[in-house]
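Protein chains: 2
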Amino acid sequence: MSNCLVAQSGGPTSVINATLAGVVKANQLNPVYDIVYGGLHGVEGILQEMLVDLTHMSEMDNLILKQTPASALGSCRYKLKRANVKDFERIVEVLRKYNIETMFYIGGNDSMDTVAALSEYAEAHNITDLRFVGCPKTVDNDLMVTDHCPGFGSAAKFIANTALQTWLDVNVYTRQEVFVLETMGRDAGWLAASACLSGIVDLVVLPEIPFNKEVFLAQVKKHIDTKNKCYVVVSEGVKYPDGNYLAAGEAKNDGFGHAVLGGAGQAVRQLILDSGVASRVKVQDLSTAQRCHTTDQSLVDVEESFKLGMSAHMRSMDKSFTGNMVGVKRVSNHPYNVEYFATKASNVANHVKHFPAEWMLPDYAGVSQEALDYMRPLINGSPVIHYNEGVQAYLKPFYLKK
Amino acid sequence: MSNCLVAQSGGPTSVINATLAGVVKANQLNPVYDIVYGGLHGVEGILQEMLVDLTHMSEMDNLILKQTPASALGSCRYKLKRANVKDFERIVEVLRKYNIETMFYIGGNDSMDTVAALSEYAEAHNITDLRFVGCPKTVDNDLMVTDHCPGFGSAAKFIANTALQTWLDVNVYTRQEVFVLETMGRDAGWLAASACLSGIVDLVVLPEIPFNKEVFLAQVKKHIDTKNKCYVVVSEGVKYPDGNYLAAGEAKNDGFGHAVLGGAGQAVRQLILDSGVASRVKVQDLSTAQRCHTTDQSLVDVEESFKLGMSAHMRSMDKSFTGNMVGVKRVSNHPYNVEYFATKASNVANHVKHFPAEWMLPDYAGVSQEALDYMRPLINGSPVIHYNEGVQAYLKPFYLKK
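Line order of the protein sequences matches chains A and B. Heads up, the numbering used here is the position in the first sequence plus 331, with the first residue counted as 1. Heads up, the numbering used here is the position in the second sequence plus 331, with the first residue counted as 1.
Keep in mind that the hints were calculated from the coordinates and are not lab data. A hint or two may mislead.
Each pair may be met inside one copy or between any two copies, as identical chains are not told apart.
[To be verified] When the alpha-carbon atoms are kept at most 27 Å apart in a straight line, the in silico DSS-like pairs for lysine-lysine are as follows:
no., residue 1, residue 2
1, K732, K560
2, K570, K613
3, K727, K553
4, K428, K417
5, K650, K675
6, K410, K732
7, K727, K613
8, K727, K558
Taking the hints into account, I'd like the entire structure generated from these sequences.
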């Protein structure tokens, strides 16, 4: 027999560990592999042989792992470059040293590129004893082919509920007030759009369309004139027609060639204040909390993430199953039902699934019923969360142990 | 028979409506009053006769009200000034017009001053048929006499859990990183201190002691040198020894003579970057969400807030019960148990209960075991939250109806 390896990469989500728990549990139910290794800090740690043994994880640890946010194995932003052959050789060397046959990689866009690159390398070098399998995760919901991405539902649930709660808060005074909620979403507007599930959003600004300042301010004015309040949601990645980010002052680089954003909410606030449309604007930037809030996970999201990990493990019994990502296919919406399927990781890597233009209402007025129907089942249900005297139980990250 | 009136004032909390629900429920269990009026937007609305009838609130509405954040009756920042006799005359006029015998006022420091001022006015003018009763609420936990304040427990639970969750998030990468969590707390450090319940906080900066930049930066450096990470919690109200706020650039005025703060987290970030101690600092400002997050309320907080409202109603049967605030007294900590008691609202008004100096560890290292023992029971338990397809159910604010 042989072993397998699971690792995580990219930005954490509140359910990325549920997929890890699914792989581990699947191997306990059907021990295809002798040892389930966890690779610490993604490919970065695998290159350094930083492995832990997850094979005999207890039932309770598996349960708590599902409610532990952020990558319990650690993450990395290290990108495997196809030109850097030494890295590929080293990974193959490490996998063989530990008798690892299958490597599961849980991540987003870049991680699916890693899966594609590794399987291409293996194929080009006639390496037939190693398999590379991708499991999607991203709060951004911007991966192609899969109906939606594990991690999105829980983030969307937090965003929609926080939108409702802060709307109730901002309404209590009679004074004129604009509230701006900033969500993540560098390239795709899914997270900002999810706020509309609350039913209270007046204006939503997505990164898919160039920002029209005049139209936007006119809409803010319309709401202020009507009810003295305006609730705005803005995605961090919104750009002006010239390609500059609203939050341009904050633009940086994270090493992947992505701009590190933040401050679109403050930029919108300043625009409104400068225009004189309103004199009081509050901003809530949901920041890191939106991708790691676990005390109110979506049950659908947790369960799908877990099953996706199981599905990946079960499919990997097929010796030809490599270079694939396991995705979620929506079979029906009423009742909501899904199937799991496989697609080439290369179909997913380096693409972005944008929020559809036809789902956006004109003049920032929100999203269509079809969009709401698509998103609503993904935030449904609440898992039982285990607490220790008011603070959620969590599994200590493997990279911090010892 | 006669009627009563309930109103809310000051900044919302996630359980201020539980106290309202308690007053309404108590009158259904024991109809001391014919009609329970709700006054919209605090004294501001009462002056304008903006009243709604809450007497026959359904059991389900009462239940949902307990999980609805922010003042369902609306709030105000209007301060009743003792010199402004016309306001007092007008309030008495409105109360008499609606045959209201008791006015319950749910609020913080300023609201307790309103209760004190109204009862003093009544006494000075030999008005013996009107009673004014205060119910405390504030996320800041800074009211005197009462052991703790309704609203603090739920905010503290959100803060402690978000601290844990963002700490797990920020740890996943191997890179050097400082995370700064900013909490509310203009004068008192209770909310910032509550983050320490998570067990992961490296440094906590409270407004009670003047900020020592050198000591703080040395501590950040110590943590960075040891583990490449540092988790900092800072209260919005932290000041330099010269009395200037860390977030001085943002200082404004809210009409009550309070500085409106925000940006202490960003200020700390800039200090760290400028010092060269670390080159990567993330900030999460919990902002409005911390006082209205209801999907993860503290059960202890919800139940105490509700019972406090009931206690106020029941005590008001005593015709001499006026000018009082009902507070919470801790009877024992193991097991946690409380009683409700009354104190003169004037004992509470215009004072601030600071986080005790003896509960702060030196060099920003956190809070003492005694402090944790005091706070921990207040965040305990999770009520069953009712959802409509992933978004929490809520009672539509009374001030938005019709």
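Hints, one by one, checked against the model:
1. Taking the shortest alpha-carbon separations for K732 and K560, only the inter-copy value of 16 Å comes in at or below 27 Å, while the best intra-copy value is 50 Å.
2. For a Cα distance limit of 27 Å, the shortest separation of K570 from K613 qualifies both inside one copy, at 21 Å, and across copies, at 22 Å.
3. Taking the shortest alpha-carbon separations for K727 and K553, only the inter-copy value of 23 Å comes in at or below 27 Å, while the best intra-copy value is 50 Å.
4. Only within a single protomer do K428 and K417 lie at most 27 Å apart by alpha-carbon distance; the minimum there is 16 Å, versus 86 Å between protomers.
5. In this assembly of identical chains, K650 and K675 lie within 27 Å of each other by CA distance solely inside one copy; the values are 15 Å within and 77 Å between copies.
6. For a Cα distance limit of 27 Å, the shortest separation of K410 from K732 inside one copy, 25 Å, qualifies, whereas the shortest one across copies, 55 Å, does not.
7. Taking the closest pair of Cα atoms, K727 and K613 come within 27 Å of each other only across two copies (22 Å); inside a single copy the shortest separation is 36 Å, beyond that limit.
8. Taking CA atoms no more than 27 Å apart as the test, K727 paired with K558 passes between copies only; the shortest distance there is 16 Å, against 48 Å inside one copy.
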